[in-house]
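Enquirer: Chains as they are written, first to last, in our numbering: chain R, 15 to 671; chain Z, 14 to 170.
Hints listed in this document are in silico derivations from the structure and should not be mistaken for laboratory results.
Take these hints with a grain of salt, some might be off.
Unchecked claim - What the simulated footprint calls covered on chain R by chain Z, stretch by stretch (three residues with Cβ under 8 Å from a Cβ of chain Z suffice, anywhere in the stretch; the number is not a length):
{"no.": "1", "region": "305–317"}
{"no.": "2", "region": "455–468"}
What the hints assert, rightly or not - Okay, derived cross-link-like pairs now, DSBU-like style, lysine-lysine, Cα gap no bigger than 35 Å in a straight line:
{"no.": "3", "chain 1": "R", "residue 1": "K221", "chain 2": "R", "residue 2": "K328"}
{"no.": "4", "chain 1": "Z", "residue 1": "K114", "chain 2": "R", "residue 2": "K353"}
{"no.": "5", "chain 1": "Z", "residue 1": "K37", "chain 2": "R", "residue 2": "K396"}
As the list claims (entries may be wrong) - Here are some, though not all, of the chain Z residues that point toward chain R, as calculated from beta-carbon distances under 10 Å:
{"no.": "6", "residue": "F44"}
{"no.": "7", "residue": "I124"}
{"no.": "8", "residue": "G163"}
C-beta atoms are modelled at their ideal positions from N, C-alpha and C, and glycine is treated no differently.
Now for the letters of each chain:
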Amino acid sequence: MASRFQKVLTNILRSGIQTTLEAEDEIRLLFINSIILVGFLALMVFALRDFFAGDHVYSLVTASLAFIVACLFFFIRWTKLVQVGLWFLPFLMAAFYGYLAASGGAGTSGALWSFSYPLVAIFLLGYRRGGLFTIGYVVFLGIVLFVPQLTPAWNMELDFKIRTIGTYVVISIFVVEFEYIRLQAQREIERGRKELAKTTDALLAEKSQTDGILHNIREGIFLVDEHLRIVGRHSDSLTQILDLDDETSWDFSTYFDGKLPEKEVQSLRDYLMMFFQSQVRPELLQTINPLETIKITTPRGRLKTLAFTFAAIKLEGRRFILASVRDDTLTAELNQKLKEEEDKAARQMRHLFQIIHVRPELLVQFLEDATDEIADINRRLKANSLQAQDDLMEAFYQGVHAVKGNAALIGLTSFSERVHDLENLVKDWRGKSPDWREILTLTIELSKIQAELEEIQALIQRMSTFQKEMANNTEPQDLVVMTVERAVQRLTAETGVQATLDLKDFVTDNLPSGHRKLVKDILVQFIRNSFVHGLEPAEERQARQKPLTGKIKIICQDRGPFLSISYQDDGRGLDPGRLRQTAIKKSLKNWDTRPDHEILALIFENGFSTAAEVSVHAGRGVGLGLVKTRVEASGGKVSVRSASGQGIAFDIELPKG
Amino acid sequence: MNIRYITPFIEATQNAFLELLGSKPEALTPFLVRREEVLDWDISGVIGIAGEARGVVVLSFPRGLAQEITTILTGQMKTSVDDDVIDTVGELVNIIAGNAKRGLEEFKLMISLPSIVQGDSHQIGWPSGSVPIVGIPFTTPQGHFNLSVGLENIITV
Numbered sequence: 015m016a017s018r019f020q021k022v023l024t025n026i027l028r029s030g031i032q033t034t035l036e037a038e039d040e041i042r043l044l045f046i047n048s049i050i051l052v053g054f055l056a057l058m059v060f061a062l063r064d065f066f067a068g069d070h071v072y073s074l075v076t077a078s079l080a081f082i083v084a085c086l087f088f089f090i091r092w093t094k095l096v097q098v099g100l101w102f103l104p105f106l107m108a109a110f111y112g113y114l115a116a117s118g119g120a121g122t123s124g125a126l127w128s129f130s131y132p133l134v135a136i137f138l139l140g141y142r143r144g145g146l147f148t149i150g151y152v153v154f155l156g157i158v159l160f161v162p163q164l165t166p167a168w169n170m171e172l173d174f175k176i177r178t179i180g181t182y183v184v185i186s187i188f189v190v191e192f193e194y195i196r197l198q199a200q201r202e203i204e205r206g207r208k209e210l211a212k213t214t215d216a217l218l219a220e221k222s223q224t225d226g227i228l229h230n231i232r233e234g235i236f237l238v239d240e241h242l243r244i245v246g247r248h249s250d251s252l253t254q255i256l257d258l259d260d261e262t263s264w265d266f267s268t269y270f271d272g273k274l275p276e277k278e279v280q281s282l283r284d285y286l287m288m289f290f291q292s293q294v295r296p297e298l299l300q301t302i303n304p305l306e307t308i309k310i311t312t313p314r315g316r317l318k319t320l321a322f323t324f325a326a327i328k329l330e331g332r333r334f335i336l337a338s339v340r341d342d343t344l345t346a347e348l349n350q351k352l353k354e355e356e357d358k359a360a361r362q363m364r365h366l367f368q369i370i371h372v373r374p375e376l377l378v379q380f381l382e383d384a385t386d387e388i389a390d391i392n393r394r395l396k397a398n399s400l401q402a403q404d405d406l407m408e409a410f411y412q413g414v415h416a417v418k419g420n421a422a423l424i425g426l427t428s429f430s431e432r433v434h435d436l437e438n439l440v441k442d443w444r445g446k447s448p449d450w451r452e453i454l455t456l457t458i459e460l461s462k463i464q465a466e467l468e469e470i471q472a473l474i475q476r477m478s479t480f481q482k483e484m485a486n487n488t489e490p491q492d493l494v495v496m497t498v499e500r501a502v503q504r505l506t507a508e509t510g511v512q513a514t515l516d517l518k519d520f521v522t523d524n525l526p527s528g529h530r531k532l533v534k535d536i537l538v539q540f541i542r543n544s545f546v547h548g549l550e551p552a553e554e555r556q557a558r559q560k561p562l563t564g565k566i567k568i569i570c571q572d573r574g575p576f577l578s579i580s581y582q583d584d585g586r587g588l589d590p591g592r593l594r595q596t597a598i599k600k601s602l603k604n605w606d607t608r609p610d611h612e613i614l615a616l617i618f619e620n621g622f623s624t625a626a627e628v629s630v631h632a633g634r635g636v637g638l639g640l641v642k643t644r645v646e647a648s649g650g651k652v653s654v655r656s657a658s659g660q661g662i663a664f665d666i667e668l669p670k671g
Numbered sequence: 014m015n016i017r018y019i020t021p022f023i024e025a026t027q028n029a030f031l032e033l034l035g036s037k038p039e040a041l042t043p044f045l046v047r048r049e050e051v052l053d054w055d056i057s058g059v060i061g062i063a064g065e066a067r068g069v070v071v072l073s074f075p076r077g078l079a080q081e082i083t084t085i086l087t088g089q090m091k092t093s094v095d096d097d098v099i100d101t102v103g104e105l106v107n108i109i110a111g112n113a114k115r116g117l118e119e120f121k122l123m124i125s126l127p128s129i130v131q132g133d134s135h136q137i138g139w140p141s142g143s144v145p146i147v148g149i150p151f152t153t154p155q156g157h158f159n160l161s162v163g164l165e166n167i168i169t170v
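Construct all of the structure, not just a fragment, from the sequences and the given hints.
Expert: Okay, here's the thing in structure tokens:
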């Protein structure tokens, strides 16, 4: 109930204003409403008393004043215009007190009310504006008291008047002083509050940054105290990385209990304790970190590879270990897989190398035999469980020996060495009856050999699949044709000259295999020649009224002892005049009088080129020279025909033999 | 495959039977198991191994023995492979795996929680590739069962 009464009172005193106000305004609001309330009640009491005392004039004045004060209260409450009230009330009170002083009031003590005026004026309007009211009022009071004509109703002793004024001044001074001090204190508090808020804001911002880091970082970061307990805050990832169920105050060293051998857990504890000793060098501690990478099963049974780092730090005089942990499980798994694959690849490589030196039928026979031998040993092993066999070890030995011998015979050296090791083991048990434990060792070794045998089989399987894939391919295209086609494509792309290739009479079936490379090289040379010297670009061909696309035709004919190859293009052909000039320039004998066909043959001369610049394709003057040299070296002939502007033709005759 | 990885499983198996059923199963001559081989067992507990070796350890029981063990341990007569039988075998394999774990502490090996495979002539999912597999038969007064190990060394020792 008290709180409800408090609420109502607060609502009345704050004129129903809910929002928070500046401290100064708040005080003034509370003050004006208090004065109004107290004043109203006091005025009503006086009005009633005067009324019953028969003093009707006083009673009416007091009651009207009470009414005005009540109006002021509701005015402020409805309009929320507190400032109006603050300014209005001092005037009202000045008027009322002045009337009381002037009229003498009840028992001629009306002037005494004036002493409360400085309090009201200054507390309502502050010491500056309130001070002016106070001064104004004292002047007014002085006039009222000392001008006799104004106070006809009563007469006051002079001393009393002077003391009244004096008391008023003293009160005023103290009130101003008090208000001034109060204001200063208020400002001081305000400044402090603002500073505090600023600091709090900064701290909050900092905290939210730290929170952000700890929430989002992927590493587990935590502090460990000298009891090896995880203390204070830690990054969110920590619980996830370490798979912790219960994160409240757990012991970092007991985390590893049961996950590592006891001895290692103890040495881990010793290691961590070293961080709390100042004489140990930090670099040294880094190098001997036993948890640099560690494989453990987490409390939730997951297998993880974790990487820890530790550093000693001092916080408020206490030593801690700042620890971080990273989940390296995926990386570790990947590395392991990689190593596995590498080992396997190396082993297979070794096998492969040896297998390709073994004749296939021998290898197949060996694999069958070895599989049979091992199956036979296994049959005896299985049978032995039911009924002990005296000759088990002898049969084991003989089987293994046979496999070893066969492997060595066909050259599977590394495999036979493996089997040899097993043979040595079995040898010692010949004629004895070892118990299941010894046999287990032998069986394990045998199982490894069987696994290797399977690996070899898988390898051969793959090789034969590969072979089949290759064989299933459609008749492999003739290499010469392929090379020629590719050369045309490439040169078209590089020079931008368009040309079609006609190979319909290019029959290579009878091309002796000894000549294939030669023919291929020659044709590539001719094609290069056509693209660089012979075939014109489209515009030039258009100007000469030729088809826009150039044409290359290659013919290969079987002519009994000879093979005739003809190469033609429809390009510029040879210009005997230009050749002759080049010849003269290079001063190759006396060429100006030679016949044209001799001039044409010049293009087969080494070092003779009409190209202006050396490029990849032309200009070195060795291409056609090389053709001639090589054709002649294989006992053939080469000649050239050309009509200027019409094209060029090379004819080659090669002996078949 | 290293015999030292297998011995803890053998010992754990023998001890578990000795403690729970009062008799120590006797190991018989081990043999090779081919990966495609279907053995005549009805219920198997498979324990995965990872670390410096990779593979599985499998304890396989015929129906009769599994029922018999359940009857002894639960006191209820079992005439078919019901959930109780599966749970009991699961628990037994769990105990064996837990005990074997202690024997494997010196190695960088991790073992998984066992999973149960059930059905007539079921096949075991051995690790891929050519992994050597060895079977160790055990005999108990109640019947035979089998411990098979298919392990591939990752770190060559």
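Enquirer: Please name the hints from earlier in the document that this structure breaks, with their numbers sorted from lowest to highest.
Expert: none
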